[in-house]
Each structure stands twice: as structure tokens, then as C-alpha cells.
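Here the protein sequences line up with chains X and B, keeping their order.
Following numbering that gives the first Met the number 0, the numbering of the first sequence begins with 0 at its first residue and continues without gaps.
Following numbering that gives the first Met the number 0, the numbering of the second sequence begins with 0 at its first residue and continues without gaps.
Just so you know, not all the hints are guaranteed correct.
Same chains, same names: a pair is fine if it fits in one copy or spans any two.
[As the list claims (entries may be wrong)] Once the Cα atoms are required to be at most 35 Å apart in a straight line, the calculated DSBU-like pairs of lysine-lysine come out as:
#	residue 1	residue 2
1	Lys17	Lys175
2	Lys198	Lys22
3	Lys17	Lys80
4	Lys201	Lys234
5	Lys198	Lys155
6	Lys3	Lys216
7	Lys3	Lys238
8	Lys234	Lys6
Derived by calculation from the structure, the hints in this document are not laboratory data.
2 protein chains.
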Amino acid sequence: MILKSYKRFYNYFLSKDKALTRKLVPIIGFVPANINLFKLAFSHRSGSQEDNQPTALRNNERLEYLGDAILGTIVAEYLFKKYPHAQEGFLTKMRSKIVKRTTLNDIGEKMELDLLLSELNHTRLSRSMLGNAVEALVGAIYLEKGYAATRRYVIKYILRRFLDIHSLEKYDDNYKSQLLEWCQKNGKSVEFKLLAKYKLHKRDRFKVAVLINGEKKAVADDFNKKSAEQLAAEKSLKKLGISSNNP
Amino acid sequence: MILKSYKRFYNYFLSKDKALTRKLVPIIGFVPANINLFKLAFSHRSGSQEDNQPTALRNNERLEYLGDAILGTIVAEYLFKKYPHAQEGFLTKMRSKIVKRTTLNDIGEKMELDLLLSELNHTRLSRSMLGNAVEALVGAIYLEKGYAATRRYVIKYILRRFLDIHSLEKYDDNYKSQLLEWCQKNGKSVEFKLLAKYKLHKRDRFKVAVLINGEKKAVADDFNKKSAEQLAAEKSLKKLGISSNNP
Numbered sequence: 000m001i002l003k004s005y006k007r008f009y010n011y012f013l014s015k016d017k018a019l020t021r022k023l024v025p026i027i028g029f030v031p032a033n034i035n036l037f038k039l040a041f042s043h044r045s046g047s048q049e050d051n052q053p054t055a056l057r058n059n060e061r062l063e064y065l066g067d068a069i070l071g072t073i074v075a076e077y078l079f080k081k082y083p084h085a086q087e088g089f090l091t092k093m094r095s096k097i098v099k100r101t102t103l104n105d106i107g108e109k110m111e112l113d114l115l116l117s118e119l120n121h122t123r124l125s126r127s128m129l130g131n132a133v134e135a136l137v138g139a140i141y142l143e144k145g146y147a148a149t150r151r152y153v154i155k156y157i158l159r160r161f162l163d164i165h166s167l168e169k170y171d172d173n174y175k176s177q178l179l180e181w182c183q184k185n186g187k188s189v190e191f192k193l194l195a196k197y198k199l200h201k202r203d204r205f206k207v208a209v210l211i212n213g214e215k216k217a218v219a220d221d222f223n224k225k226s227a228e229q230l231a232a233e234k235s236l237k238k239l240g241i242s243s244n245n246p
Numbered sequence: 000m001i002l003k004s005y006k007r008f009y010n011y012f013l014s015k016d017k018a019l020t021r022k023l024v025p026i027i028g029f030v031p032a033n034i035n036l037f038k039l040a041f042s043h044r045s046g047s048q049e050d051n052q053p054t055a056l057r058n059n060e061r062l063e064y065l066g067d068a069i070l071g072t073i074v075a076e077y078l079f080k081k082y083p084h085a086q087e088g089f090l091t092k093m094r095s096k097i098v099k100r101t102t103l104n105d106i107g108e109k110m111e112l113d114l115l116l117s118e119l120n121h122t123r124l125s126r127s128m129l130g131n132a133v134e135a136l137v138g139a140i141y142l143e144k145g146y147a148a149t150r151r152y153v154i155k156y157i158l159r160r161f162l163d164i165h166s167l168e169k170y171d172d173n174y175k176s177q178l179l180e181w182c183q184k185n186g187k188s189v190e191f192k193l194l195a196k197y198k199l200h201k202r203d204r205f206k207v208a209v210l211i212n213g214e215k216k217a218v219a220d221d222f223n224k225k226s227a228e229q230l231a232a233e234k235s236l237k238k239l240g241i242s243s244n245n246p
């Protein structure tokens with residue numbers, strides 16, 4: 000306890016990492032005792048610098064694996080208690096809306112993790128690095144503070160601050176059904192047409208077009224037909240200028 | 000605290016559920032204070048009896064949802080610490096071998112949850128009810144005892160007691176590649192042939208045969224081609240009497 004307090008004092012006032020420590024404090028809400036853990040949380044595979052460590056310990060992938068599980072459990076419990084009468088199906092769907100890649104990337108952006116990421120990596124940032132860093136950060140906080148404190152952190156600093164649970168409830172990520180509904184309401188015909196099936200990296204890939212009143216509206220491809228259709232439907236909704244019911 | 004102790008005393012010595020309580024103790028390692036939570040953990044949707052509750056609170060599906068997340072996290076952390084130098088990919092694979100349906104069903108059987116399940120449900124037991132009950136039980140323990148105690152429980156009463164981690168390391172659940180390897184070694188030709196694609200409950204279903212030296216060895220079907228092939232390969236390995244490297 001005293002050792003940890005000393006380490007926190009050292010990191011904040013004396014360490015060569017004191018600038019980094021001070022940037023972390025508003026994001027995580029406390030002064031970290033083990034600053035290396037948090038440096039690791041922001042180290043992308045491609046950008047890691049120190050070569051005297053085994054590969055697995057030089058980047059944030061292990062922390063991301065741990066944090067992914069812990070974040071999933073905290074969200075699962077939060078929803079379980081927030082919706083005491085909801086059925087399992089609703090809870091599962093809500094959970095996957097919160098922990099899915101695109102939501103976590105958005106959260107990482109709002110937390111301004113890009114600043115820390117670009118400071119600690121010498122590589123071009125991609126959007127998915129943001130969501131991965133959110134998970135790795137949760138993993139690091141868990142290792143330093145345990146489950147109860149991490150749960151308080153996630154609820155206060157992530158869920159309450161950056162998520163609008165009520166609009167997520169209404170959020171419909173089935174773009175295909177949204178498009179079908181809109182077309183029916185507006186008396187238009189709609190067709191999803193498989194344009195091509197080909198191989199990419201030895202895997203099947205599907206190219207799908209959306210035809211509205213027989214006219215090509217959007218094209219998309221993906222590794223399975225369903226998600227290619229979803230992508231094409233999403234593009235079509237955008238082109239039609241339909242503000243979907245999403246936040 | 001005193002209230003909980005009293006409830007435990009009551010459940011063990013006085014309650015009408017004292018027989019059930021005493022059967023639970025060797026499985027969970029403590030006397031439950033909230034016996035209803037544990038009765039719920041073993042109540043399958045089809046078999047639930049009490050009708051004065053909303054549907055979602057009458058069966059174990061909500062507890063299963065919660066327990067699934069908690070079990071996943073405990074296993075994730077256990078592996079994270081057990082393999083301090085392993086890469087994320089290895090950890091993820093190991094975790095999914097442990098928390099996958101068939102492993103959990105086996106664990107539920109070894110825990111003899113079938114006895115409790117058949118006592119609390121008036122329905123025929125299926126194997127998947129065993130794995131679901133393991134998850135729901137973990138959810139119930141979490142609600143009664145919190146994260147740290149649940150982690151101790153899972154490690155001591157489930158992982159150490161019923162899993163052989165080292166044989167899981169070597170365990171290869173890719174039956175197709177095992178079969179291909181065996182055939183190549185033994186100079187036999189092997190072919191996976193799609194026999195039929197049809198609709199079941201509005202979903203595509205695939206029927207696949209394994210031909211060895213042109214002769215039909217096994218047939219299997221599933222909702223996607225890959226798992227139909229895996230199933231057919233598994234059956235073929237069994238028929239050929241090849242002891243796979245699995246526990």
C-alpha cells in the first residue's frame with residue numbers, strides 16, 4: 000500500500016514519464032502505480048520500440064484480450080441490473096451493440112486516446128487501434144486495481160460519460176430491414192442482387208448490389224453474403240438521405 | 000452479514016428446501032443464503048413451474064447470460080496469468096476450447112447437475128441444459144458472493160477439478176485437417192462432397208459426405224458448410240478407429 004503510494008508520487012512528480020502520467024490521470028481517474036502497464040496498453044504491435052522483451056510482452060494484444068473479457072462482463076452485469084425484467088435475448092443484443100468494434104472505436108475517439116496512441120507508436124493510426132486501446136486500458140486498470148474498481152471506472156468514465164443507452168435501445172443495426180421498410184412505405188421495389196462470388200485470400204467473397212425500382216443504388220462486398228447485403232443497404236440508406244433511427 | 004448467516008442456517012436446517020440445499024453444498028462449496036437464486040439457476044424455460052412471475056424471471060436464461068460473461072472473464076484471466084509469455088492468439092484459442100458448449104456440457108455432467116436439473120424441471124433433459132446450468136450456476140454464485148469468491152470457486156471447483164489444461168493445449172478441434180493428414184499419410188484419396196443444400200426453419204442447411212477412396216464414409220448436416228464438413232470428418236475419424244489426439 001505504502002509502496003504503491005510512493006510509486007504514484009514518483010510517477011506524478013519525478014519519473015521521466017511524468018508528462019505521460021499527467022495526461023493519463025483525467026482519462027483513468029487516478030495516478031497509476033505501474034506506468035509501464037499503461038504504456039503497454041497503448042503500444043501497437045507495429046509500433047513497439049523496446050526489443051529486449053519477448054514479442055508477446057511488447058504490445059497491447061494480451062491486455063486487449065484481457066480487457067475485452069472484463070469489459071464484456073462489466074457491461075453484461077450493468078445491463079442485467081439496469082433491466083431487471085428484460086429477457087436474455089434483449090440483454091445479449093444490447094451488450095453486443097455496446098462492445099462491438101465500431102462503438103468502441105467511437106468511445107476511444109471521445110476519450111482522445113489517439114493523442115496517447117500517436118505519442119507511443121511510430122505508425123499511422125487506424126480507427127480500430129482506438130477500440131483496441133479502450134480494451135487494453137480496461138485490462139491495465141483491472142491488473143492495477145482489481146474488479147470492483149474497474150467496474151466503477153467503466154460505469155462512471157465510459158458508460159455514463161460516452162454512451163446514450165436509451166438511443167442504443169432503439170438503435171437498429173439491421174440496415175436491410177430498414178431499407179425494405181422504407182421502400183415498402185414509399186411504394187418502391189427493392190432487390191438485393193448477387194453480382195459476383197470470387198476468392199480473396201483463399202476465402203469466398205460476395206459482391207452484392209441494391210436495386211431500387213430496377214436501378215442500381217449501391218454496391219458492396221464482404222466475406223459473407225449477409226454482411227455484404229447489410230453494407231450495401233447501409234450505403235443505399237445514406238445515398239437516399241434517409242436518416243436512420245440511429246444515434 | 001448476520002442476516003446472511005441466519006438465512007444460511009435456516010436453509011440448511013429448517014427450510015422446506017433443506018434437502019435441495021444439502022445437495023448443493025458439495026457442488027458449490029458453501030450454504031447458499033438465497034436458495035431461490037439457485038433454484039432459478041436450474042430452472043429450464045420449458046420446465047418452470049411458478050406462474051406468478053414475469054417470464055424472464057421464471058427460468059435460468061438471464062443467469063446463464065450473466066454467468067457466461069463471468070465464466071469467460073475468469074477463464075481469460077486464469078490463462079493470462081498461467082501463460083505469462085503466450086501471445087493473444089493462443090490465449091483466445093485456449094479460452095474458446097474451455098468455454099465452448101461441448102466442454103461445458105461435459106463439465107455439467109461431471110458436476111452431476113443432471114440430478115438437480117431433473118429434480119427442478121418436468122421436462123426431458125438435453126445435453127445442452129447441462130452446460131447452460133453450469134453458466135447459470137456461476138451467475139448465481141456471482142450474485143451471492145461477488146467476483147473474487149466466484150473466481151476462487153471456478154478455479155478450485157471447475158477448472159482444477161474437471162479440466163486437463165495440458166491435454167487441452169494439444170487438443171485439435173479441426174477434424175477436417177486431422178482427416179486430411181491421416182489420408183495423405185496412408186496414401187488414400189479424400190473428398191468432401193456437398194450432397195444437398197436445403198431449407199430448414201427458413202435457414203440454409205448443408206448435407207456433406209466424406210468419400211475416402213471414392214467410398215462414402217460418413218454423412219453429416221448443419222447450418223453451414225464448414226461445420227457440416229467438420230462433423231462428417233469427426234464421424235469418419237471415429238469409423239476409421241483413429242484415436243485423435245484429443246482427451
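If any of the earlier hints don't hold here, list their numbers in rising order. Per hint list: 1, 2, 5, 6, 7 and 8 violated.
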